[in-house]
Amino acid sequence: MALSLLNTKGCDLDRQRFTWRELVQTPISKLDDDAFTRVRIILMNGIETEAIRFSHLAARCNADLRLPLARIRRVEQHQATLVNWLLGSDHSALETTIGYEQVAIEVTASLALREPDPYLAQTFRFGLLEDFDHMYRYAALLDRLEGKDANNILQSYTDILPGRPTAVEHRAPADDLRNNYDRNQAQFLSKLHCLTLVGAEYQTHDYYMHVGPQFADPVARQLYAEIASIEEQHVTQYESLLDPGESFLEQWLLHEANECYNYYSCVEAETNHQIKAIWERMLDYELGHFQLACELFKTYKRRDPAEIVTTDLPRPIEFKSQREFVRQTLAGEVDLRANGPRYVPAADESQATVTYRCHMNSQGSPTEQVAAGYVWRPGTELNRNVGVTH
Amino acid sequence: MDEDKMGMNRTGVQMSPIDSKAMQELAPTVPEMDGEQALSELRASYITEADGLGSVPLPGTFKGVVSSGMTMLKGESPQILLDKLGERLAFERTGTRLYEALVCKCEIILDDTISLRLDDLRELRNEEQRHMLLVAEAIEELGGDPTAQTPCADLVGVEAAGLLQVVTDPRTSIGQCLHAVLTAELSDRAGWETLIALADAQGLDDMVIRFSQALETEREHLGMVETWYNESLGLSYGDVDLAASALTGARARPLNT
Numbered sequence: 001m002a003l004s005l006l007n008t009k010g011c012d013l014d015r016q017r018f019t020w021r022e023l024v025q026t027p028i029s030k031l032d033d034d035a036f037t038r039v040r041i042i043l044m045n046g047i048e049t050e051a052i053r054f055s056h057l058a059a060r061c062n063a064d065l066r067l068p069l070a071r072i073r074r075v076e077q078h079q080a081t082l083v084n085w086l087l088g089s090d091h092s093a094l095e096t097t098i099g100y101e102q103v104a105i106e107v108t109a110s111l112a113l114r115e116p117d118p119y120l121a122q123t124f125r126f127g128l129l130e131d132f133d134h135m136y137r138y139a140a141l142l143d144r145l146e147g148k149d150a151n152n153i154l155q156s157y158t159d160i161l162p163g164r165p166t167a168v169e170h171r172a173p174a175d176d177l178r179n180n181y182d183r184n185q186a187q188f189l190s191k192l193h194c195l196t197l198v199g200a201e202y203q204t205h206d207y208y209m210h211v212g213p214q215f216a217d218p219v220a221r222q223l224y225a226e227i228a229s230i231e232e233q234h235v236t237q238y239e240s241l242l243d244p245g246e247s248f249l250e251q252w253l254l255h256e257a258n259e260c261y262n263y264y265s266c267v268e269a270e271t272n273h274q275i276k277a278i279w280e281r282m283l284d285y286e287l288g289h290f291q292l293a294c295e296l297f298k299t300y301k302r303r304d305p306a307e308i309v310t311t312d313l314p315r316p317i318e319f320k321s322q323r324e325f326v327r328q329t330l331a332g333e334v335d336l337r338a339n340g341p342r343y344v345p346a347a348d349e350s351q352a353t354v355t356y357r358c359h360m361n362s363q364g365s366p367t368e369q370v371a372a373g374y375v376w377r378p379g380t381e382l383n384r385n386v387g388v389t390h
Numbered sequence: 391m392d393e394d395k396m397g398m399n400r401t402g403v404q405m406s407p408i409d410s411k412a413m414q415e416l417a418p419t420v421p422e423m424d425g426e427q428a429l430s431e432l433r434a435s436y437i438t439e440a441d442g443l444g445s446v447p448l449p450g451t452f453k454g455v456v457s458s459g460m461t462m463l464k465g466e467s468p469q470i471l472l473d474k475l476g477e478r479l480a481f482e483r484t485g486t487r488l489y490e491a492l493v494c495k496c497e498i499i500l501d502d503t504i505s506l507r508l509d510d511l512r513e514l515r516n517e518e519q520r521h522m523l524l525v526a527e528a529i530e531e532l533g534g535d536p537t538a539q540t541p542c543a544d545l546v547g548v549e550a551a552g553l554l555q556v557v558t559d560p561r562t563s564i565g566q567c568l569h570a571v572l573t574a575e576l577s578d579r580a581g582w583e584t585l586i587a588l589a590d591a592q593g594l595d596d597m598v599i600r601f602s603q604a605l606e607t608e609r610e611h612l613g614m615v616e617t618w619y620n621e622s623l624g625l626s627y628g629d630v631d632l633a634a635s636a637l638t639g640a641r642a643r644p645l646n647t
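So the sequences go chain by chain: H and X. With this note's numbering applied, the first sequence covers 1 to 390. With this note's numbering applied, the second sequence covers 391 to 647.
Keep in mind the hints are simulated off the structure, nothing from the lab. For each residue, glycine too, the CB sits at the ideal point set by N, CA and C. Careful: at least some of the hints might be erroneous.
Sample of chain H residues with no beta-carbon within 10 Å of chain X, all distances over it, derived [claimed, not checked]:
1) Cys11
2) Ile52
3) Leu82
4) His170
5) Ala174
6) Arg327
7) Asp335
8) Ala346
Which residues of chain H face chain X? A partial, calculated answer using Cβ under 8 Å [to be verified]:
9) Asp32
10) Arg323
11) Gly373
So that you can see chain H by itself, here it is in the shape it has in the complex (with noise of 0.2 Å):
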């Protein structure tokens, strides 16, 4: 059954309380535990993060908004340090890329299959094929660098395969913006289709540029540097989907509906008992963040929620394996690139974004390097030609 956004209550802010025990819980098994477990709680931490950042921009220009902003985000830090936490310490910095990359394949497959906007699902495959891509350069270096299965961490839900190779996708700036949609026609899915990519990039570009400094060797500095500078062209094109014109209210409205709607696809998708209860529980607190912030809506802007929300929740979104819908995106869509707002030919790209690209790959690409010659096999490409001497 669909949950009401518009009529249900949720947790009143004021019942939003947490310890530092409560923060600090017992993480989930790196090796028991579902991929998908770890992919919502990647996922819901990218979410919480970008409601934080949000916050801090609207206050930054709201006077009269500071006080409950200030309020609700304080919990959302609080959330935001619960999910994120949950992630075990014996993932590596690496293991826990693949896992931000498994994220950026699934949900945004899923996302882009479910989407109505044609021009939208456009540009959220055309990401993909980008992530996907880093997903195979990683998977070399993990492979390479510690000796370690990145299959481990996907458990066969995800391809290790070259996607649009990473070394072709740095453009001019001016090719990673895209048409906004426009606030009066998009669907409210896609709204939060939007949102939700932007929260999942920003954090995956924020996590690469603080561990990629914490790797000692050149090669794994020099891949995060190339692919960090990739997720920030992400932030960039998923961003410059929103409308502009939706005012701070607006938005805010969409990014609580969003906490919402991602916390209740994880309680219908979760099989972890433990972990479905932190989603129920978070859930229930957004729903109160959405109703406040309701309130500030039709008081400042004498406007109905329900103008800019639906009164359900659409359907959750899909986590499982997109394979074969990556696999066709794949196949029909690798060569596509960008030349301003448009998806174009290889050959018809700008020369801004040659030009730029040129002198970037001039000395090395680190994704080509890392991944020279790499096919992933089960246990590690060392898993193969014993007895080869050097």
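Once you have looked at the hints, place chain X on chain H.
What follows is chain X alone, placed relative to chain H:
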């Protein structure tokens, strides 16, 4: 905490045979290239241009400057000894914390399946700290600064980081922690042996005697930890000894027999 339980470990391909088969059905179009060579080329330029991690601090006191300076003139590189003293100090300091974390865990979950006793463990912790102070004193005698972090001290911190992660993880068992501590003790023994050789090369006889006593204690630590670790796996000392003999025998056997 039950380290040997069987369960729903999902990491291997056997857990998802259909998906795993699907993953391997597409032959990727990847040009044949030497991956190892490609990585080596990227690393090479950085290795060539790299500076070291940093320097060994100059002895700050007059006595130290004179004594180490004099030795330097003899070409005997006292900075190596100072660096390695710094390393041992750092390692013993971290080792003390490592044992403290293990004590904490044992206070809660230790049972009588192994012969480890909390008092023994606390004594090992205290000896690590005594060794740390012993090294600090030696550094001061040479005019060095025991509060400085030398390059090798920095590196043992990097090396030990994983060991601390293992022992402080609430999910790890005592047996799993003992494996980490065993790794530390093996490295510690080698570290003391090196330090004694370096002190001996500098003609620091008193220091050699004190360090040799510390080495003896570390050997005892190693023996105890190894025993507890083996017991945690259900092995007795005899089992391990027997296995080692069998391995030696197998290796000694001629290939054509």
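Against the structure, the hints come out as follows:
1. Cys11: Holds, since 29 Å exceeds 10 Å.
2. Ile52: 28 Å, holds
3. Leu82: 17 Å, holds
4. His170: 18 Å, holds
5. Ala174: 31 Å, holds
6. Arg327: Arg327 (chain H) is in fact no farther than 10 Å from some Cβ atom of chain X, at 7 Å.
7. Asp335: For Asp335 (chain H), whose nearest Cβ neighbour in chain X is about 13 Å away, the distance exceeds 10 Å, so it holds.
8. Ala346: 16 Å, holds
9. Asp32: 5 Å, holds
10. Arg323: 6 Å, holds
11. Gly373: 4 Å, holds
Going through the hint list in order, the structure does not satisfy hint 6, though it satisfies all others.
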